[in-house]
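Engineer: Residue numbers (this note's numbering): 1 to 168.
No false leads were slipped in.
Computed list of lysine-lysine pairs in BS3-like fashion (alpha-carbon distance at most 25 Å, straight line):
id: 1; residue 1: Lys2; residue 2: Lys147
id: 2; residue 1: Lys129; residue 2: Lys79
id: 3; residue 1: Lys129; residue 2: Lys84
id: 4; residue 1: Lys89; residue 2: Lys79
id: 5; residue 1: Lys23; residue 2: Lys89
id: 6; residue 1: Lys91; residue 2: Lys79
id: 7; residue 1: Lys136; residue 2: Lys91
id: 8; residue 1: Lys147; residue 2: Lys56
id: 9; residue 1: Lys72; residue 2: Lys147
id: 10; residue 1: Lys45; residue 2: Lys84
Worth flagging that the hints you see were computed from the coordinates, not collected in a lab.
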Amino acid sequence: MKKILENNTVLYLHPGELHFSNKPLVVTTVLGSCIAITMYDPVSKFSAISHCQLPKCNSNGCNCKNCNSSYKYVNCTIKAMIEKFESRKIKISDLEVKLFGGSDVLKKTNDNDYTVGKQNIEEAEKELKKLGIKIKAFDTGGTRGRKLHFVTHTGDVYLTRLKGNEKN
1 MKKILENNTV
11 LYLHPGELHF
21 SNKPLVVTTV
31 LGSCIAITMY
41 DPVSKFSAIS
51 HCQLPKCNSN
61 GCNCKNCNSS
71 YKYVNCTIKA
81 MIEKFESRKI
91 KISDLEVKLF
101 GGSDVLKKTN
111 DNDYTVGKQN
121 IEEAEKELKK
131 LGIKIKAFDT
141 GGTRGRKLHF
151 VTHTGDVYLT
161 RLKGNEKN
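Let's have the full structure, built from the sequences with the hints guiding it.
Structural biologist: Below you can see the structure in the form of structure tokens.
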């Protein structure tokens, strides 16, 4: 991992951001209840990574294209990612899609609490399934945050779980 970070430009992805790339670089982000979705086309080496904060825009008649903070929402971000890949004539069926985060980092009162982390995971899975996209790899849920390093030109993701109060 150290060699990858030393040999590539590193970009930090903030909450509510989305980054597309056709150049070699490493995108780093830190997740709690937020989720990151990575998409990678092995043929063109075009890729994307998002850092979504909330499951979906709740305003009536939400139009993702006109929303000034649409990348903070899972549903709008997935739409934007797919539109960009399709605009480059990339087949959605060729994409390698991975999903990370959605931790329950805030103290829960019981195990049945419907946390933001759980809602983010469910919304991403629902939206991807609607599009017929299978998730190639995932590391979601739990009570610990995660630090990700996404290698844009290979689609590889290196994950470190942050220290926390894991029950298991």
